[in-house]
Amino acid sequence: MRRRNRQRRKIKNLAVTILILGFVALITMPVFTRRGADIPRKITLEIIGVGQSAATAVISGITETWNDYINLRGVRDENIRLKRALSDCRREIVDFSEAAALNVRLKKLLGLKKRVKSPRLTARIIGHDPSDWFRTIIIDRGENDGIRKGMPVITVEGIVGQILFVSSDRAKVLMGIDPNSAVDGLIQHCRAQGIIRGNGNNYRFNYVMKNLDIRNGDLIVTSGLSGVFPKGIPVGRVTRVNNTPRGMFQEVKVAPVVNFNQLEYVMILLRKNPLTED
Amino acid sequence: MFSLAVLVCGMIIITLESTILVRLPPWFGRPDLLFILLVWLATRFDSIREIILVIILGLILNVISGVNPGIYPVAYLFTFVMIRGSIHHLNLDNNHQAAMIALAYVVFYLIVWFFSALTPYPALIAWHQAIPELVALAILSFPIMHLFDLILKPFDEKDLIDRLGRRRRNKNRYL
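The listed protein sequences derive, respectively, from chains D and A. Residue numbers for the first sequence follow this note's numbering, so the first one is 1 and each next one is one higher. Residue numbers for the second sequence follow this note's numbering, so the first one is 1 and each next one is one higher.
One or more of the hints may lead you astray.
[Said to hold, decoys possible] For each label pair, taking beta carbons as the anchor points, the in silico distance ranges come out as:
no.: 1; chain 1: A; residue 1: Trp127; chain 2: D; residue 2: Asn202; range: 13 to 23 angstroms
no.: 2; chain 1: A; residue 1: Trp127; chain 2: D; residue 2: Arg81; range: 36 to 46 angstroms
no.: 3; chain 1: D; residue 1: Gln193; chain 2: A; residue 2: His89; range: 55 to 65 angstroms
None of these hints come from the bench; they were simulated from the model. Beta carbons are placed, not taken as given, at the ideal position from N, Cα and C, and that holds for glycine.
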């Protein structure tokens, strides 16, 4: 009897301690995210980042060696195909340079301002989010390279995401397909504006009025309204439009232009004042 | 020393999970090795030290993964308590280990889903992806927990004292 009571008391004490620790953890967690108080997080990211860089280098070495071997096969056929493609591209370049020259002349006539490009920095992806619940990546550039929280991350194809957390030499990027990500966008052909939200593996284009004509295959680009992403960066293509009888808005599903599963390198737009909340 | 060994082991696991295991196809089942470490701590030890270790491991994981701070420490803490409670009340042995880990992972999934629903940062809960993970966890739990026994248990001070004492007694039992 006494033994059982002692055991019960022990369980009760343990439960109380766990509850207290849980609440302390819950209460103190936001403190860790404040500026100046996130030094332990930065140190942890740096330590794990070193391991991630090493592991990624080993994996890349193995993959590249294997790819080199695979690529050796069929090089001749590829060479012929590429030569043909090159001649086609040269022809197109001539056409495009004509169009570009015409564009410059017309812009001068209209008196449009020249768009100032933000400096870009290339970074290598060294780690991915190990869980299925979030879509974040770790890159090998940090505060020492001029990266700040909120800076936009892109590739040549389109948008990737936004800088979420920075340590001295590493940074965590929130990908556009994460449900916590939202970007202002517009449909290129009809200029319909809306908010692009992540949906895990693709996007949803929200708040698009029903009277607007949206078709499958339409390209969605950033509108530049939020001030985070510059205007005109491709986001995705419309894959499904659903006009429900109720409500004001259409349901638009969008496939990303960027293949998030095969990302290796990204570009960070080094904007001086990334418009984000801290 | 034991705490440090567990933390280093946890960091190595997080590095492996975020670089190598993420490259495995989803149907293959990406086993959450850190979760197996959590279960190992919950099944082998019973003290405040392990609870603090679990919270720290959650905080470390939160640096690499996720958007909302605090989701992993809280989820790990509740899962640890659940496992400890079930061991205490259900008298589970090693034969039920795989089933217990799979069940604990489902509970862990539910806790993450519940807490992320409370915060403004939603998490992607994909049950169809959880099934191959559950199978991989159940299969790998036994060898990996043995590996933890081999690598980490020697660092435990209590275990060390026990072994030293036993060895001394075995040499000459009349002393």
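Violated hints, by number in ascending order, as checked against the structure: Those not satisfied: there are none.
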